[in-house]
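**Student:** My request is simple: use the sequences and hints to build the entire structure.
Keeping their order, the protein sequence lines are chains Z and B. The first sequence begins at 1 in our numbering and counts up one residue at a time. The second sequence begins at 1 in our numbering and counts up one residue at a time.
Just so you know, not all the hints are guaranteed correct.
Because identical chains share one entry, a pair is satisfied inside a single copy or across any pair of copies.
Unchecked claim - Subject to a maximum C-alpha distance of 25 Å in a straight line, what follows is the list of computed DMTMM-like cross-link-like pairs (lysine to aspartate or glutamate):
{"#": "1", "residue 1": "K233", "residue 2": "E294"}
{"#": "2", "residue 1": "K299", "residue 2": "E333"}
{"#": "3", "residue 1": "K233", "residue 2": "D280"}
{"#": "4", "residue 1": "K15", "residue 2": "D223"}
{"#": "5", "residue 1": "K233", "residue 2": "D277"}
{"#": "6", "residue 1": "K64", "residue 2": "D14"}
{"#": "7", "residue 1": "K299", "residue 2": "E113"}
{"#": "8", "residue 1": "K64", "residue 2": "D200"}
{"#": "9", "residue 1": "K64", "residue 2": "E26"}
{"#": "10", "residue 1": "K165", "residue 2": "D186"}
{"#": "11", "residue 1": "K233", "residue 2": "D200"}
{"#": "12", "residue 1": "K15", "residue 2": "E304"}
{"#": "13", "residue 1": "K233", "residue 2": "D191"}
{"#": "14", "residue 1": "K165", "residue 2": "E294"}
In case anyone wonders, no lab produced these hints; they're calculated from the structure.
2 protein chains.
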Amino acid sequence: MQNRQVVIESLPQDKLELSNFAMRTEPVPAPGAGEVLCRTLALTVGAGQRAGLQGSATYAGAPKSGVVMGGSAVARVEASESNSIAVGTLVTCPAGWQEYSVHEARAVNVVDEVDDPAHHLGVYGTNGLTAYFGLFALGEPQAGQTLVVSAAAGSVGHLVGQMAKIVGCRVVGVTGSEEKCQLLTDTLGFDTAVNHRSPDFRGEFREACGDGIDIYFDNTGGDILGGALRRMKTHGRIVCCGVVSQYDTGAPQPGPRGVPGLLVNNRVRMEGFLVFDYADRYAEGRAQMRAWVEAGQLKPLQDEFQGLEEMPRAFIDMLAGGNVGTRIVRVAE
Amino acid sequence: MQNRQVVIESLPQDKLELSNFAMRTEPVPAPGAGEVLCRTLALTVGAGQRAGLQGSATYAGAPKSGVVMGGSAVARVEASESNSIAVGTLVTCPAGWQEYSVHEARAVNVVDEVDDPAHHLGVYGTNGLTAYFGLFALGEPQAGQTLVVSAAAGSVGHLVGQMAKIVGCRVVGVTGSEEKCQLLTDTLGFDTAVNHRSPDFRGEFREACGDGIDIYFDNTGGDILGGALRRMKTHGRIVCCGVVSQYDTGAPQPGPRGVPGLLVNNRVRMEGFLVFDYADRYAEGRAQMRAWVEAGQLKPLQDEFQGLEEMPRAFIDMLAGGNVGTRIVRVAE
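**Tutor:** Structure below.
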């Protein structure tokens with residue numbers, strides 16, 4: 001039995017290209033004692049993975065030429081040498097870009113059977129939990145308040161906006177195209193959406209914010225954060241969720257004007273956030289989101305590619321902002 | 001009976017100068033129905049008052065040529081036409097820079113008799129309450145944690161550091177001279193102090209911070225904030241208390257590098273703060289600080305000038321960083 005893989009052919013010098021990856025076929029590995037063999041059903045890609053390709057990491061398994069590209073999968077257990085996990089169990093695991101992978105049983109997460117297993121990479125996975133805890137634990141939304149979210153059509157942003165609507169907020173999305181704006185308002189029920197590539201973005205953003213922002217959910221940093229800071233209401237909250245472009249740099253960009261002056265004047269709280277700190281509350285978050293999804297109140301969007309060989313294209317396109325919702329690559333039924 | 005006053009002679013064009021003020025003598029006013037006549041015992045000055053002299057304010061009583069300079073006083077009621085406040089009562093009030101002032105009874109705050117009434121302008125006044133609530137409500141200090149405070153010898157900073165020591169923190173002060181550093185460590189019990197004018201400030205600051213900062217109490221913004229951000233521990237708190245130089249500008253300076261990237265990576269909370277939001281808890285703060293002062297654990301520093309005519313000099317010198325603790329001008333016994 002064969003295991004198709006996508007390996008790193010070379011580390012990128014500048015922009016990541018398809019030629020940085022290559023396909024390879026290896027025999028399917030056999031699980032050892034306490035291990036399970038997982039068959040990849042779907043993979044997702046995240047912008048944070050790009051930082052790992054800078055070539056500075058030195059740990060075992062670090063991205064380098066000849067190594068299977070890393071990545072998160074939802075998978076079905078095909079063979080088990082563990083007493084704790086039966087064949088047929090649905091799991092999430094750090095499979096990497098390949099059809100089969102072997103893991104210690106404790107390294108995989110058993111997940112519920114749901115309509116579409118790929119939701120475990122989206123709404124019921126890290127993206128959804130990030131949206132949920134960032135919004136509710138840090139943002140503290142109240143009915144009638146105004147929430148602004150950047151990268152609003154992205155894997156986290158599209159869920160943040162919908163959940164804020166569920167609890168009665170007025171929701172403004174900031175995104176990068178007119179098509180995405182329309183999706184946010186027409187399909188996902190955002191009150192309004194603003195295209196940050198519009199020539200009059202500043203004016204449109206100001207108008208969209210109305211009398212001010214109670215919660216700004218920041219996935220981007222930079223100019224949009226700066227603009228939101230100037231429009232925060234007294235005691236507003238800024239949830240700092242993502243600035244992926246800066247995670248792996250030794251020289252972060254200057255911060256937005258008005259830090260800390262505007263924070264003081266308006267008593268604004270700005271808080272950095274990583275979802276892993278909420279691991280002991282994941283079940284609560286998943287249960288609430290599942291109830292909303294099944295009631296039709298929360299629509300998790302997936303943006304799908306078909307076939308393992310599409311992984312490089314799916315990744316590069318996502319880095320260019322091509323995705324709407326969670327980018328998923330289907331690998332097997 | 002005569003009332004000596006300091007009036008604004010002219011608004012400053014650049015740096016504030018003694019010649020921007022003039023002395024004047026008027027008759028002492030008589031209180032009307034429901035009013036009290038207050039005799040100023042001491043006045044304080046704050047950097048925020050400089051912003052009011054920019055000339056843009058248009059409200060009644062705004063700083064302009066010929067108007068008595070505004071300011072906070074502790075005062076004794078000399079005559080009363082109010083049933084609620086007796087002659088002889090100790091109060092704080094917005095007296096302005098003059099020996100006598102008339103106020104509606106509800107516009108003055110009755111305060112406790114204490115050893116030195118001027119403490120109501122320092123440790124028991126806005127400065128002390130700012131230190132107390134900024135530290136405890138936002139900073140959430142725990143024994144064994146490292147707290148860094150900027151403008152550490154200032155009216156707020158010197159109290160923040162001492163209170164953090166009382167609850168068991170390791171305390172680092174950042175201040176502007178070797179003399180102030182010595183005062184912080186030798187007299188006030190700070191663990192260490194760093195002079196931000198030192199040629200090797202960066203290295204000294206890094207060393208003083210040890211394995212990182214749990215709480216940074218920011219009175220300054222700017223480069224010191226930027227340096228502290230890079231040394232924050234996971235789940236650290238930054239209390240944004242003051243950036244006085246930027247309160248009255250339409251074009252705030254760029255923020256520190258690492259906002260929001262470092263906030264996310266280290267899950268740091270950064271929160272702007274004004275003490276007035278804690279008005280319903282002032283009694284609690286005052287009572288705790290008074291207990292510490294009377295037990296000798298908290299030493300409120302006052303930096304005193306004598307005589308109403310010294311107000312302009314006391315103010316200008318304070319703007320240049322000349323003060324240690326709360327700057328007080330004694331006007332009467």
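**Student:** Give a verdict on every hint.
**Tutor:** The hints, checked one at a time:
For the identical chains of this complex, K233 and E294 are neighbours neither inside a copy (34 Å) nor across copies (40 Å), given an alpha-carbon limit of 25 Å. Proximity of K299 and E333 under a CA criterion of 25 Å is satisfied intra-copy only: 22 Å inside one chain copy versus 72 Å between copies. In this homomeric assembly, K233 and D280 come within 25 Å of each other (Cα to Cα) only across copies, at 22 Å, whereas the closest approach inside a single copy is 32 Å. In this assembly of identical chains, K15 and D223 lie within 25 Å of each other by CA distance solely inside one copy; the values are 23 Å within and 33 Å between copies.
In this homomeric assembly, K233 and D277 come within 25 Å of each other (Cα to Cα) only across copies, at 14 Å, whereas the closest approach inside a single copy is 28 Å. In this assembly of identical chains, the alpha carbons of K64 and D14 lie at most 25 Å apart only when taken from the same copy (15 Å versus 59 Å across copies). For the identical chains of this complex, K299 and E113 are intra-copy neighbours only, at 18 Å inside a copy versus 64 Å across copies, given an alpha-carbon limit of 25 Å. Taking identical chains as interchangeable, the C-alpha atoms of K64 and D200 are never at most 25 Å apart, the minima being 43 Å within one chain and 40 Å between chains.
When the C-alpha separation of K64 and E26 is checked against a cutoff of 25 Å, the pair qualifies only within one copy, where the shortest distance is 18 Å, while the shortest distance between copies is 83 Å. Taking identical chains as interchangeable, the C-alpha atoms of K165 and D186 lie at most 25 Å apart only when both belong to the same chain, with a minimum of 14 Å there against 56 Å between chains. With identical chains, the CA atoms of K233 and D200 are at most 25 Å apart within one copy only, with a shortest distance of 23 Å there and 40 Å across copies. In this assembly of identical chains, K15 and E304 lie within 25 Å of each other by CA distance solely inside one copy; the values are 23 Å within and 63 Å between copies.
In this assembly of identical chains, K233 and D191 lie within 25 Å of each other by CA distance solely inside one copy; the values are 19 Å within and 38 Å between copies. Taking identical chains as interchangeable, the C-alpha atoms of K165 and E294 lie at most 25 Å apart only when both belong to the same chain, with a minimum of 16 Å there against 53 Å between chains.
In this structure, the earlier hints numbered 1, 8 are contradicted, and the remaining ones agree with it.
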